[in-house]
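Engineer: Here the structure of chain A is known, so what remains is to put chain B in place on it, guided by the hints.
The listed protein sequences derive, respectively, from chains A and B. Heads up, the first sequence is in the working numbering, so the first residue is 1 and it goes up one at a time. Heads up, the second sequence is in the working numbering, so the first residue is 1 and it goes up one at a time.
Hints listed in this document are in silico derivations from the structure and should not be mistaken for laboratory results. There are no misleading hints in this set.
Covered stretches of chain A (in silico footprint by chain B; criterion: 3 or more residues with CB under 8 Å from a CB of chain B, positions within the stretch not fixed):
1. 302–314
2. 462–474
3. 490–503
These figures come from a predicted structure and were not determined experimentally. Built from N, CA and C at the ideal position, the CB exists for glycine as well.
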Amino acid sequence: MKITRSMVLVSSDPLSLQRGSLEIYRRFQEKLESYQLAEEVALSTITDVGNTEASPVVVIYPEAVIYGPVQPENVDRLVSEHLYKGHIVEEMLVPKRHLPSRMAWLQSRKGSLPAQQRILLARVGKIDPENIEDYILHDGYQALAKALSKMTPQQVIEEISKSGLQGRGGAGFPTGRKWSFVASAPGNKRYVICNADESEPGTFKDRVLLESDPHAILEAMIIAGYAIHAQEGYIYIRGEYELSQKRFLKAIEQAHEYGFLGKNILGSNFDFEVHLHSGAGAYVCGEETALIESIEGKRGEPRSRPPYPTTHGLWGQPTLVNNVETLANVPPILLHGAEWYRRFGTPSSPGTKVFTILGNVNATGVIEAPMGITLREVINIYAQGMKNGAAFKLAQTGGSSGSLIPASLQDTPLDFDSPRKAGVSLGSGALLICDDNTCVVDLVKVLLRFFRFESCGKCTPCRIGTQRCYETIRAITEGGGQLSDLDGLLRLAEQMERLSNCGLGQTAAVPIRDMLKHFRTEVEAHIRLGICPTGICRMVPEDETAELIENQMV
Amino acid sequence: MISLKINGIPVEAPEGTTVLRAAEQAGIEIPTLCDHRDLTPYGGCRLCVVDVKGWRFPMASCTLPVAPDMEVTTESPALVESRRTILELILSNYYDAGYEDSLGETQLMRWAKRYGVDPAKVMLKKPRFAVNSDPNPFIWVDMNKCILCTRCIRACAEIQGRFVWSLVERGFDTRVVAGADTDMLDARCESCGACVAYCPTGALNNKMSLSLGLPDKVVTTTCTYCGVGCQLDLNVKDGHVVRVTSNPNAPVNGMHLCVKGRYGYDFIHHAERLTKPLVRQYLLEGTPRPKGRGEWVEVDWDTALDIAARKLAGTRDAYGADSVGVLASAKCLNEENYLMNKFARQVIGTNNIDHCARL
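One chain only, chain A, in its complex shape:
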């Protein structure tokens, strides 16, 4: 396994090639060899930087600096100064006005290293999650004490707003704004709900937080309750997360003993109770209104919005629903201040993000990195490269709320803003990294089978649409596809996005759209030539039952 400390990318778009980027690449190869850096510095090309006067450009990670226009004779200096000695060569940086459009965001990184910044996972693995004293010893309940003794509820909300924290469940809604909506909604009873029904395929960040640091989430819920004038909170934990549930119950019990929960918390006149509600295996109950229905004892079907839970939530009262990871950000923000928090991440998306890495890479697992990190860095630095040196083909960013990111977009920063502009989405933070042995049609088929299985069945476009899309894509993998199916698929996907009642049906369309946008040739090869370019699809009709049993979906 090769672990690299730096990565050099030479632009190789047509303009750069014309201006001699091939020679630059060759020089880098030579120089790295002569400085004996070839083992620890990865060298690659990058085609999709956007037009710039400054081409050819050279991007060096992890500092995320862009040099340009680079001449072959500059390479020696870059290698000796930057890569060997570790100094950034200021005068060779691309002038701000000439920054290539696709890379301009890198400026916001201010040259900071994307080494793991642990804010949320700071205590994970260091404390005994079943021991409240361990938590208290590591700054636990200090933020709550600060909020109750020194801050008004309004000030708490302002601090969260100033921090720029955005919801980590996938949609990225500004948390401070949501809190103030609930706080100002008319009603005599309010609720805090922590959404811990983490069911996005490949996402397990909330589980790590709940299992390793349950008190942090509990503390954040109490603070949220104080801020929005709620006396009761619910945490809805996925049914399969038995350990999370056990530890959270223990946390509630201990917090009661120590006076962090119950009447007159820490001697103030603020009362708060937290109930744990176990999910029962429905993916759709991670959708906030379906989750509320489920707590109310009804069938887990999303409600129609508006009205939103901020005004008509649990039992019809104003309700704050936040994801586990979102809440985990709250105590550090209150403790260290919004200013401190904004130092991490990008201006539009401050803070860090917990990602779960899985797929054909050397290292899988949970990482915490600042917002704005790129997929290329995640793969090459955290995931320690593709398995067996295979080429990166695409990443799927987590269950329903994400999308397919092709290799050409792997330099898009992973925050809430940039991917949206590039037409992809960050989702819950799961990064399924696929190499070029992955068939995109097969991948999308599996995703759609998941959606058709997990749709609640309430609204027509999702209930029947996911099934029809699945059938069409399945036919393609079995050699029975028609070219006209593709336009039909796109049309249906578009209507599902327009008409579905909740995010499940809306985003079930995303993989189809992304597949046809980025990998249309590969899909058409299945149809026109009757072969699967990667050899994954068997291209003969298969028995669905056998397949379902194989995947344990029945």
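Structural biologist: What follows is chain B alone, placed relative to chain A:
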């Protein structure tokens, strides 16, 4: 009152009104399948989507509350395309076994026709469920025509308060079942037929009316079964009642009827139905009661009532007032039952009076 604009027309509606209802008040029809004014809004079929200024995607008007200065467009080429997709999807999972259902054009078929979707082209080629899958004597169940609008579920829960129907499974496999997937009667169904009245597709139908054809006239009348005075519509064909339907404008009961009002009409054309009073031959002749009580004879009302009065008075005089008991009927009005009470206590002189509803 909240003012908004629907298709450019200013509309005023009380707070909490849905856009669909507000449009209805303004005389603008928005197609819908899962919505009914009597039932809690659901937002399932998505046929009623409308464009609202400021929103990227269309909204389901059946669940969208009116808001000040809202600007709603109910029909546009894009919305027509969306409605057509919805109808195609619904019909792609619909199967018509081809039997006569005597319903005429169902709501589903009406919208399919309006938006140019040919059911025969898109519908399933083979059934997913058994046709006539429930042994209920009155209610015909054909889940092949079910579109999961859940009107039956809501009607049963909200109109009849019986909670017979519910959804099981999820996603594409979702289906409507009675109780824990059992027969309707096992699920404590009272056969009121509310679910049938609200079904927009004919998945639920009246068993007795299935092959009788369409009515040539509809007669609104009052149910004769009890004193509540529910109104209902007799669907008449060739002088025969072929079906009883709810009259949505009925002041007392709305769409609600009980099993008797909706299904207890076979007496009307029954061969053994009495249309004139009958008395025993021996009572007319004043002779002693023969063995087997003798023949029935048709008489006019005066004769029949004279005989009844004479025998009641005779019994009271011979054996005392308490030898007579009066049983009043739920088919009578309150006023009539009051008179029965007067009759028992003052005319006969007994407290022996009771009512069938107390038995």
